[in-house]
Structure formats: C-alpha cells, structure tokens
Amino acid sequence: MTDDHGHHPGPLTDVERRARALEELLIEKGIVSPEFIDSVVEAYAQDIGPMNGARVIARAWNDPAYKQRLLDDGTAAIAELGFGGPEGDHIVAVENTPSVHNVVVCTLCSCYPWPVLGLPPNWYKSPPYRSRMVREPRALLREMGCDVPDDVEIRVWDSSAEVRYLVVPERPAGTERAGEEELAGMVTRDAMIGVARP
Amino acid sequence: MDGVHDLGGMQGFGPVEVETDEPVFHYEWEGRTFGFAMGTLGAGGFNTPMFRHAIERMDPGHYLTSSYFEHWLTAVATLVVEAGMISRTELDASVGAFPLARSPAVDADDVEIGRRAGEPRFAVGDAVRVRDLQFAGHTRCPRYVRNRRGVVVRIEPTAAVPEVEAHRREQLLEPTYGVRFEAAELWSDSTDANAAVHVDLYERYLDPA
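First to last, the sequence lines map onto chains A and B.
Letter by letter, the first sequence follows residues 1 to 198 in my numbering.
Letter by letter, the second sequence follows residues 1001 to 1209 in my numbering.
Accuracy of the hints is not assured; some may be wrong.
[As the list claims (entries may be wrong)] So the derived label-pair ranges between C-beta atoms look like this: (1) B/L1173 x A/R17: 39 to 45 Å; (2) A/P172 x B/A1093: 56 to 62 Å; (3) A/G185 x B/E1019: 17 to 23 Å; (4) B/P1208 x A/D147: 34 to 40 Å; (5) B/D1110 x A/D150: 44 to 50 Å.
[Stated by the list, open to error] Some chain A residues well away from chain B (every beta-carbon gap over 10 Å; in silico): (6) P11; (7) N62; (8) D63; (9) P64; (10) A65; (11) L71; (12) A79; (13) E80; (14) L81; (15) G82; (16) F83; (17) G84; (18) G174; (19) A184; (20) R197.
Hints listed in this document are in silico derivations from the structure and should not be mistaken for laboratory results.
Note that beta-carbon positions come from the ideal geometry of N, C-alpha and C, so glycine has one too.
Extracted from the complex, chain A is given alone in its bound form:
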C-alpha cells in the first residue's frame, strides 16, 4: 500500500518510525484506541486555538463588567464563553496598560493556556525563548518585533506551577466603534502571549 497522506514524500524518518511503532503497540494492547487519538487530533487542530482567546479578549474590550470578571477570576470568566479543559484549571488574565507590558514564558517546560490559545508554537517551546525571556525580556521582545519603551514596565510570568497566563492586550486606538467580532479579528495569538502588541 502506498502512503498517500502527502506528508511523506521520502522514506519515514527515525522519529516517524518510532511514533508509529509505539502507537501500534499501544493500540494492540488496548491502552489507547485509534478513535481517541483521532478525536484529540481533530479537537486541537480545529476547535481549540487562539480564536477562542481572541473572543475572550474582544468581549473584555467591549464589556467593562466582563473585563473586570476576567481580571478577578480568569477561569470562571473564560468558562462563561464555553472554554475550559486541560491546562485551563487556573487561568489568570494579566492586563497590559500604558505603563505595564506583560509577557508569558515557561522556562521548565512549555506550560500554556490550551483552552484559549491551543497548543504553543514551536518558538515558545524553544530553548532560545525559554532561556532568554526571563533574562533579557526587553531586548528579546525588541528582537521579536515588539518594541517596549524603557518607561514601560515589563512583567514576565514564568508559569512554573498550576497557573496559566493570558495577556489582555491594550485595545487598539480608533476601534471605539468596532463590534466584538471585528475586534476578535484584531487579536493575535502573539499579543495574548505578550510578544506583540495589536
């Protein structure tokens, strides 16, 4: 049988062979089912991603009472919009202001608020990001295209225990008339991590 997935124009790499071998053994022994794996892949590839967080931020920008609830108890406010699940039991929202810029990292592994941002991008999981963000945040942010003036305090959040952080970016100027849907379209994943400003 030929491999027609389109991902493997050449022979399988070592890691692919190992992943397939382990998957086959786990299924053969009844430890996991292929249907379960399919459902997880589908959920994280399609339904659980930064579009969820963007809806939370847009609601916060448009509804001061919701924003206050989000800052008081992130997990509960996020659940109001129907989001929750693994890595989302204790979400804390940290707000950017004209004088404070927040940015999130996990130096020990790659903790990330899955229900609102999905799975993290490769750079977030990479040694350069994890090593440098706690040591030289302003320089690294600038390198990543996010210039934070010296008079703006940078608060780095290293997610080392159970809390997962979501940055609430500042609402862009000139969007006073924008509706929630339009606002959600302006919120990027990177702004909710804190490495960009919308």
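Please arrange chain B on chain A, whose structure you already have, making use of the hints.
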C-alpha cells in the same frame, strides 16, 4: 534536578526563530503522538509531574536536539516501559534501539513527603527568599530563583507538591504563591531597572526574608 530542561537564564542559544502561519502539527506523527500521549497518561495513571520528569530524564543531548513532540514520544515510551505495560524488547523489535529517558536518580522511598501544610504561611506583600534546595528528582523550583529575594504578589490555589506526586504518586496539597523578583535581583548584569519576573512557587521553596 539541575537538568537541561531548566533553561531560564541560560545563555548562548541565539535568536528565537519564528515561523509564520505555523500549523498546529507539522507532521502527522506529531498529532498522533499528542493524541496517544493524552490517552496513555490517563490509561496508565501517569500524573503530569511523572510525565514532565520523564522528559527531564532524557539524555541532555537528545533533549536539546529533538522537538517538543519527540520529547512527548520519548517520555510516553519511557513511562510505559517502566510500568511494564510494554516491554523494551517489543519496542526495540519494531524499530531497533528506541531511545528512552534515563532512570530516576532518586528512590521513591527516599523522597520525604514533609509536613502537610495548613493555612498559607505567607501573605501578599511578604518578602521571601527562595531556599537553596538541592534535589536530584523532579522539582518546579527553577534554578535561577534559588537564593533570590522576592515579594509575594498573589496567593495561588493549593496544588499537589511536584516532588511528592512525581515520585510517590501521592497528592499532598500545599499553598503556592506568585512571587515577583526584580530583574536586578536575579541578574547582577541587568541594566533594565523596569523589569520583573514572576515565578509561581510552592510554599516549601520559600523562607521569610
């Protein structure tokens, strides 16, 4: 453990490389691995600290030269072999030598559970110093804050102590705190007077300062 995973503040890794419009999974095996990892952790009763520690026990060279999902693959394979759910022979039979993580450096029986904490010992605004703890097993106290002074900025939910949960599978709940460290306290060469790092720390990591 003072492992390769404890990357905060290390130098020499170069620029952060950002891929535009990055897919959630770059290869089919990454999604499959994520899926069977989620299923296997549940089926085998492996808690998150056990899983994280399996990743931390990888050979440092392998850790630094492999992707996040290869870490997951290696950790799942290690845990199921250690638990006797799949044998090393079965794994190797299909692909040759399957690289696994090293065995834990501490014996579960030697891990002290410690006292069961009561009410939070610290309050918001308290000055604390991170204890200089040395432990060859799993911990969530990053090296770069050891011996450093900070201020409690938030009382966080009580959480299961990672040292105990990873090695003894027992859940011992303890208060955790958001602690703020000024950049200059962490890095004597820092020239940024307007930056701070917040780290979430278990009560046992902290002394009053």
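Interface exclusion of A/A65 relative to chain B, criterion Cβ beyond 10 Å: Given that every Cβ of chain B is farther than 10 Å from that of A/A65, nearest at about 22 Å, it holds.
Just double-check A/G174 for me: nearest Cβ-Cβ distance to chain B has to come out over 10 Å. 26 Å, holds
When you take the CB atoms of A/P172 and B/A1093, is the distance between them in 56 to 62 Å? Holds - the Cβ-Cβ distance for A/P172 and B/A1093, about 58 Å, lies within 56 to 62 Å.
Quick check for students: does the CB of A/E80 sit more than 10 Å from each CB in chain B? Consistent with the label, A/E80 stays out of reach of chain B, its closest Cβ about 19 Å off (over 10 Å).
Does A/A184 clear chain B by more than 10 Å, comparing its Cβ with all Cβ atoms of that chain? Per Cβ check, A/A184 is outside 10 Å of chain B; nearest 18 Å; holds.
Any Cβ of chain B at or closer than 10 Å to A/A79, or is the non-interface label fine? 15 Å, holds
So the hint says 17 to 23 Å: do the beta-carbon atoms of A/G185 and B/E1019 match that? 22 Å, holds
Is the hinted range of 39 to 45 Å satisfied by the C-beta distance from B/L1173 to A/R17? 42 Å, holds
Was A/D63 rightly flagged as not at the interface, with every chain B Cβ beyond 10 Å? Non-interface label stands for A/D63: nearest chain B Cβ at 24 Å, farther than 10 Å.
Can we trust that A/L71 is non-interface, i.e. its beta-carbon lies farther than 10 Å from all of chain B? 12 Å, holds
Non-interface claim for A/P64: all C-beta distances to chain B beyond 10 Å? Fine: 22 Å to the nearest Cβ keeps A/P64 off the interface.
44 to 50 Å as the expected CB spacing between A/D150 and B/D1110, which holds or is violated: 49 Å, holds
In this structure, every one of the numbered hints holds.
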